[in-house]
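Chemist: One-letter residues, chain by chain:
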Amino acid sequence: MGASIQYFLSGLSIGGVYALLALGFSMMWSVARAANFNHGDIFMVGGMGTVVFLGLGLPVWVSAVLAILIATIAGALIERFLIRPFNREPNSVGWMLTTVAIGVMIVGASTALLGSAARPLPSPLMDEPLRIGGAGIFPQELLLPAVAVLTTLALYLFQSRTHLGRAIRAVAANRTAAELMGIDADRVTLYVFAVAGGLGALAGFLVAPVIQASTTIGLAFGLKAFMVAIIAGITNPAGVVIVALVFGVVERFIEGYFSTSARDAVGFSIMILVLLAFPQGIFARKEVAKV
Amino acid sequence: MRTGFLRKLALRGSLASAVLAAISVTAIPAAAQQAQPCIGASWELTGALAHLGRQIRYGVETALAEINGAGGVLGQQLRLRVYDDGGEPPRAVDNAMRIGEQDNCIVMIGGARTPSAIALRQPLHDMGLPWIGVVSAGVRVLDHEGRANKWMFRVGLNDGLVAPFLIDNALKLSPARKVAFMHEASAWGQGAAPFVQNAAKNANLTLVGTETFNVGDTDMTAQLIRLRTAGAESIVYYGLDAETDALLRSMERLNYRPTIVSALGIGAQLSSTAGPLANGVRVMGTFSFWGKLDPNAQRVLNTIMANNREVTGPKDLLLHSGTASAYDVTNIIARAITLAGSFDRTKLRDALYKVQFRGLITDYNPAFSPQNHDALRAEMYRMFVFHDGMVIPVEDSPYAAKK
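Residue numbers (the numbering used here), protein chains in the order written: chain A, 1 to 291; chain B, 292 to 694.
Just to be clear, a hint being listed does not mean it is correct.
[Claimed, not checked] Computed, partial: chain A to chain B, Cβ under 10 Å:
#1 Tyr7
#2 Ile14
#3 Arg84
#4 Asn87
#5 Arg88
#6 Val107
#7 Ile211
#8 Thr216
[Unchecked claim] Pairwise CB distance ranges (calculated):
#9 Leu150(A) / Asn493(B): 53 to 63 Å
#10 Asp385(B) / Leu113(A): 20 to 30 Å
#11 Leu69(A) / Pro689(B): 54 to 64 Å
#12 Val506(B) / Leu113(A): 15 to 25 Å
#13 Leu113(A) / Gln413(B): 27 to 37 Å
Simulated from the structure, these hints should not be mistaken for lab results. All values reported here derive from a predicted model rather than from experimental measurement. A virtual CB, placed ideally from N, CA and C, is assigned to each residue, including glycine.
Generate coordinates for the entire structure from the input sequences, incorporating the hints supplied.
Modeler: Here you go:
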């Protein structure tokens, strides 16, 4: 029983990271039908940026805010210069290449500047694990799924109660119609990419005390988060968060009851089977195209 | 008509001979030509292992500064030509070809990864280019199937000797003889597995569990729960810093503390990321800059700190054994070139069998023999332990009694 609780709690924790990243993918895809494929590297900026500013003597919260701000601006710049010019046509794919390329550059440059060794980000929430039913979990780890759920709720309220939020929903529903209604869809898209960048960095900051910050940390997390978003139905934020948390838990149970080496193979196989059953994703809204 | 045919045939034959002669001239191995006074290097300077490349670089550059400051070798300054392979074997091969053919360096120093070193076996043989490894510990780096290894040497650990050393130490820490094995699922970890299993068998030991993990894994609770159930008291371990940090945090979650007895994959960086959790973790090696140093080692440490602002003490050197090996290798090369009397690769290779040098790790008397291209023997291996931010010899630590 203790082992099952352990896998469940550890899975929720890692699922929380996937959720925050997948939420970013969902937001980006909804408004642009494109995504920043180096979102994992933006996630890395959250952790490494905080560690670097901390090393300069700034308080941890100031360091985190600065790192998240940098990632937010990076998200906006990437949309403006690396996605928008390459996403003009309905089936454009050039943005895939540009975002992957900038990701490689970000990792290369940051490794050259900061080195590849992992760096610690101290947190009082990592001092002592909580003991729950024979399992142990650090409070910092529980923070991750909690923040993911709270962020989803906040986004829902933002999108339903504010002018900009409703504009985002309008662009996501029908970009052309939104533009005809006077909404500046390009500007809305820019804001969404900026917020997604900030969310990615927030995830990087929150998880760094658990897994340590390093310049090469982003790729694996980014890849899994994108797959989670696809499985969930990428345009449904709540669905994305649910699937991310479930996927994290499933991964840990596979490790625990099958084998560690089977984790990715079994996990990806499950994803493929789910996609076969739900080609648009489990929580996808039906999209109707008038012809 | 027949005469004309014979004349054409003779002309073609002459042309063919000329072409063959030209080919044979260009096909003379580079080893037979005079090489340049440069040491080529293919190291991990970018990517996840970039910090290891840097540790090797500290040792080589420090030795070169001393050698060139004293007038160089055979009246010439020894240059260092460094290329980045990012830990990728194909790039290491490209770099070796450039070092051997374009730069025409006299010798090459290897990087950290065993797969990269193994990929170099054929190109080094074809070019007749001596290579000396400092970290890559795989048995197959020097043990070449089907033919003698003529060009590859190592001043570092050998996984074939590491495994019995680790098993022996893990057994000392497990009164109930409950030893487990845990390794990363990489060429390094997978390659070491048969040697660990053989070493356990030779020690009349049945491992209570064998677990793997992937590079980049951040949670090891599943593996540890199984090993706890099996009663493991000590774990023979092959992994790097980041994954070891994850392992220690998982141990903390489970409140389960078997002693980790690690191969040379983890370095001083673990102290910085894991903090007090690293206390008591054993790691094998050959050298440490911590503690009281002899004047020679102190001078080398001072030079590294003087020439590299980011190094303020032993805590900033992440792989002491690797840095020390790199320093010793560079000095061995310089002395071997002097013994050879010219920048000739074959003569250098033969001189490596005679060269003597009092290094940081040991006295090399001589460093190599035609039968043994590994300079370090099992009796030179040492066990270190993490304690309060340092990695010190077990015998000098509070854990000595438990040894």
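Chemist: With a cut-off of 10 Å, does the beta carbon of Arg88(A) approach a beta carbon of chain B closely enough for the hint to hold?
Modeler: Violated - the Cβ of Arg88(A) stays beyond 10 Å from chain B, reaching only about 34 Å at its closest.
Chemist: Does Asn87(A) hold up as a contact with chain B if the rule is Cβ-Cβ below 10 Å?
Modeler: 30 Å, violated
Chemist: Using 10 Å as the Cβ threshold, decide whether Val107(A) counts as touching chain B.
Modeler: With Cβ-Cβ at 9 Å, under 10 Å, it holds.
Chemist: So, Thr216(A) near chain B? Judge it on the closest CB pair being under 10 Å.
Modeler: 5 Å, holds
Chemist: Checking hints one by one. Is Ile14(A) an interface residue toward chain B, by the C-beta closer than 10 Å rule?
Modeler: Ile14(A) check passes; min Cβ-Cβ to chain B is 7 Å, inside 10 Å.
Chemist: Using the nearest Cβ pair, does Ile211(A) come within less than 10 Å of chain B?
Modeler: 4 Å, holds
Chemist: Quick one: are Asp385(B) and Leu113(A) within 20 to 30 Å, going by C-beta?
Modeler: Once the Cβ atoms are compared, 25 Å apart, the range 20 to 30 Å for Leu113(A) and Asp385(B) holds.
Chemist: So, Tyr7(A) near chain B? Judge it on the closest CB pair being under 10 Å.
Modeler: 7 Å, holds
Chemist: Look at the Cβ atoms of Leu69(A) and Pro689(B) and judge whether their distance stays inside 54 to 64 Å.
Modeler: 45 Å, violated
Chemist: Is 53 to 63 Å right for how far apart the beta carbons of Leu150(A) and Asn493(B) are?
Modeler: Because 57 Å falls inside the window, the suggested range holds.
Chemist: Given a cut of 10 Å on the nearest C-beta pair, is the interface hint for Arg84(A) held or broken against chain B?
Modeler: 30 Å, violated
Chemist: Could you check the hint for me, namely that Leu113(A) and Gln413(B) are 27 to 37 Å apart, CB to CB?
Modeler: Holds - the Cβ-Cβ distance for Leu113(A) and Gln413(B), about 36 Å, lies within 27 to 37 Å.
Hint violations for this structure: numbers 3, 4, 5 and 11, all remaining hints satisfied.
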